[in-house]
Amino acid sequence: MDFFEAQARAKKRTSWLVVLFSLAVIMTVLAGYAATIFFMRQIPRDTQYADSHLAAYYPESLWQPQTLIFVTLGTLLIVGLASLFKWLSFRHGGAAVAESVGGRLIDPIKGTKFEKRLVNIVEEMSIASGTPMPAIYVLESETSINAFAAGLTTSDAVIAVTKGTLEKLTRDELQAVIGHEFSHILNGDMRLNVRLTALVFGILFISTIGRGLLWSLYGTRVRSSSRDRNSGGIVMAIAGIGIALIIIGYIGYFFGRLIQAAVSRQREFLADASAVQFTRNPDGITGALSKIGGYALGSRMQSNNAGAIGHFFFAQGFKSMFGGIWATHPPLDQRIRAINPRWEGEFFEPDEVVDIEKENFQTKGFSSPQASATARAAAGLPPPLIDPARRIPFEPATIIGDVGLLTDGYYQQAQELLGEIPESLREAARDPIEVAALVFALLASVDAEDTPTQRDIVERTAPTSFVSFEKLLPSMQSLDPSARLPLLLLCTPALKQLAHSSLDEFLGTLDELVHADTKISIFEFVLQKLLTRHLNLAQDPNQRVDYHSFTAVSDEISVVLSVLARAGSDDTQAIGTAFATGADQLRLLDNKLSYLDPEQSNIEALDQALEKLAVSSLPIRKRLLIAAAHTIGSDQEITVTEGELYRAIAVTLDCPLPPLGAIPTAA
Amino acid sequence: MSPLLITLIVLLVIAIIIVLWVVGIYNSLVTLRNRFKNAFAQIDVQLKRRYDLIPNLVETAKAYLKHESETLEAVIKARNIAAAAAEAAAANPANGQAVQKLMGAEAGLSGALSKLMMVSEAYPDLKANQNMSELSEELTSTENKVAFSRQAFNDSVMVYNTRRETFPTVIFAGMFGFQGAELFQIEDPTERNAPQVKFS
Chain A
1 MDFFEAQARA KKRTSWLVVL FSLAVIMTVL AGYAATIFFM RQIPRDTQYA
51 DSHLAAYYPE SLWQPQTLIF VTLGTLLIVG LASLFKWLSF RHGGAAVAES
101 VGGRLIDPIK GTKFEKRLVN IVEEMSIASG TPMPAIYVLE SETSINAFAA
151 GLTTSDAVIA VTKGTLEKLT RDELQAVIGH EFSHILNGDM RLNVRLTALV
201 FGILFISTIG RGLLWSLYGT RVRSSSRDRN SGGIVMAIAG IGIALIIIGY
251 IGYFFGRLIQ AAVSRQREFL ADASAVQFTR NPDGITGALS KIGGYALGSR
301 MQSNNAGAIG HFFFAQGFKS MFGGIWATHP PLDQRIRAIN PRWEGEFFEP
351 DEVVDIEKEN FQTKGFSSPQ ASATARAAAG LPPPLIDPAR RIPFEPATII
401 GDVGLLTDGY YQQAQELLGE IPESLREAAR DPIEVAALVF ALLASVDAED
451 TPTQRDIVER TAPTSFVSFE KLLPSMQSLD PSARLPLLLL CTPALKQLAH
501 SSLDEFLGTL DELVHADTKI SIFEFVLQKL LTRHLNLAQD PNQRVDYHSF
551 TAVSDEISVV LSVLARAGSD DTQAIGTAFA TGADQLRLLD NKLSYLDPEQ
601 SNIEALDQAL EKLAVSSLPI RKRLLIAAAH TIGSDQEITV TEGELYRAIA
651 VTLDCPLPPL GAIPTAA
Chain B
1001 MSPLLITLIV LLVIAIIIVL WVVGIYNSLV TLRNRFKNAF AQIDVQLKRR
1051 YDLIPNLVET AKAYLKHESE TLEAVIKARN IAAAAAEAAA ANPANGQAVQ
1101 KLMGAEAGLS GALSKLMMVS EAYPDLKANQ NMSELSEELT STENKVAFSR
1151 QAFNDSVMVY NTRRETFPTV IFAGMFGFQG AELFQIEDPT ERNAPQVKFS
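Protein sequences appear in the order of chains A and B.
Our numbering puts the first residue of the first sequence at 1, with every later residue one more than the last.
Our numbering puts the first residue of the second sequence at 1001, with every later residue one more than the last.
Here chain A stands alone, though its shape is the one from the complex:
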């Protein structure tokens, strides 16, 4: 095959389809307009319009610029909004898409044999296509053969492949699959798709206008029927327009999706041809496609989220509606024949045929932990000690939160802080086996008086971590206090990888350590807050809002500001100034905030106050954080304790700060 010609052909067809698509949009708008004029003219003008205010709207001629402008503007508006929405949903780049379907970022150095091979292949294809190297993800739980590229630009692009792809394909075939994905990145297929989707939304809006008309009718009929007997004609006309618009909208939507799918299929042919261009090996891509056809599972994805990003995949990821005319990928045999016209029509035959009916993921050992545990028990195997598949779901968007705050200054600060942490501690923070011991050591190092007691607790409740604990404690004790919090935050990814049982054990020990002495120090409080928040946030991302007014939470705000004011200084006057500076930021509560003495604003009170503030509305939380920043910054200085406390409050209020211990100085 001449892949350059095939590419040119696919590109030309795409352009034609895009033109056709634009025509369809225009036709739909015009059809909506025509229907409106037609039904409005159905009303006999002399009788009903005589004394009605509607008389002004009678379409004297077929040319009604106002109506046309209304329909066009409405469609344009909705196309704009839909585009915006789509862009926003990909705002976090390809990485967010890959993580939404359970992708795991590959470590190019520590990976398995298969992963290293994949990294090499992606590097090769990056050279062959002249595109920057994307991030690489593996979908661990998918045993089918599939892959996708995501990202609106080449710089935020990612490539994700399923586990099945890694293991079932040969090097050449995998290379072809990756080459195919590179074509999608290089040709901006994701951008094209976002635009088309937005236009389809716009068409659908016409039917929404129709529905709106019918609804407005429902209201007016009740009022006008008694007064004006002749309004029947008008009502009929409006109802007619409404129904016509609904029908036109849906027909337009159907055909819009049709053309969109056709475009998508052309892009697949283009990508297949590009894969041959990059690899100069047509057998790779045909081999991969033939394997998809041969394996019973094929390319079908298990993840529920896969449908939403179906068009990015290497092969059809889910069953399409309307017998394939909405399919985002051409049938496998067509794709193979496009590359190798002499293909015999025989798919690859796997050595061991997977019977989906009887043999499923569970028996193959790929399913969820519980299910595989039963399967293991049935087979007489001992349950796995630490289940590697177990991963608490986590949404990067909520964690990253305020990326806007990440300036160069923060970055430098973070770098400096990281530099202060000894290498051994940093390594332990990333190691799921040692991380628990590290957190214990961190806690034990803070208060020298408690250390012996805390040693005993660790030895008793977490014997497995005790050796590492002993080893880490000395370097921890010499650690700069300002590096404690960044180190703790480094631990969270490794902690998230802990199995359920180990996590419970870890939290249990932690609780005992915190309560080793009768009083809870600020750092202990901060640590507990941060950890529970970071580890539980992933499980319960839904935020409810119970408090909408500042006055309802004024007492709680007083508690928070009082604690913060005291954290910076022992001097009564300084405390007063700090509190006043913070309270000054909350003008709405001018007279309702008052400084509370240590008895009324101790750690328990702070804890309760934060619980309540966490379920207050976003403006309250934001304003409070601003006030808090002013409180701790009233003396133009921030102590480590203040910084830690502030971060704990921010995290509890679900307003995460930039990662790695950067604390904003008061603005």
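If you are wondering where the hints come from, they were derived from the structure by calculation, not from laboratory data.
No false leads were slipped in.
The calculated DSS-like cross-link candidates involving lysine-lysine, where the alpha carbons are at most 25 angstroms apart (straight line), are:
#1 Lys1037/B - Lys1048/B
#2 Lys1115/B - Lys1048/B
#3 Lys622/A - Lys612/A
#4 Lys1048/B - Lys110/A
#5 Lys496/A - Lys471/A
#6 Lys113/A - Lys1048/B
#7 Lys1127/B - Lys116/A
#8 Lys1115/B - Lys1066/B
#9 Lys113/A - Lys1127/B
#10 Lys1127/B - Lys110/A
#11 Lys1062/B - Lys1115/B
#12 Lys116/A - Lys1048/B
#13 Lys1062/B - Lys113/A
Go by the hints and put chain B onto chain A.
Showing chain B alone in chain A's frame:
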């Protein structure tokens, strides 16, 4: 408005459109030229990678290939010659003779490597060695990368030349001084036979 003014405005608009169009052509040519220049730099990068990898490979193989020291030495020697030639060529890329020399040295290295791979087939211990299998994957990848970087260079040169020589770009290309680019060709026929790297 007088007819003269209208004619002037129309002419002005047409002139602006033409200028924008020419600017577009110029910019696209610059983009394409930079692309193939970058692709050429890639070839260099990948060749260097290969030179760095070979000592590791030989080191691992040494323990198992005691009777094949000649082959190993030949690989190292070819590698050093090629690395030196690459340096010379990089220092003076316009010198056709240096590039020619590099081509020859590269061919020699490929030959030596393929001999080593062939020899190692006979040593099952070596094939089973974890390091060796990782290294062979690395070497496969590097050989591919060298090939792909040349291919990417040639592809981008082709796109550039096609754009440069087709109408209407051809009118302006000469005017702006865009020269035709040469494809990367291998003179030595032995280089055409890429080494077969196979361990399993």
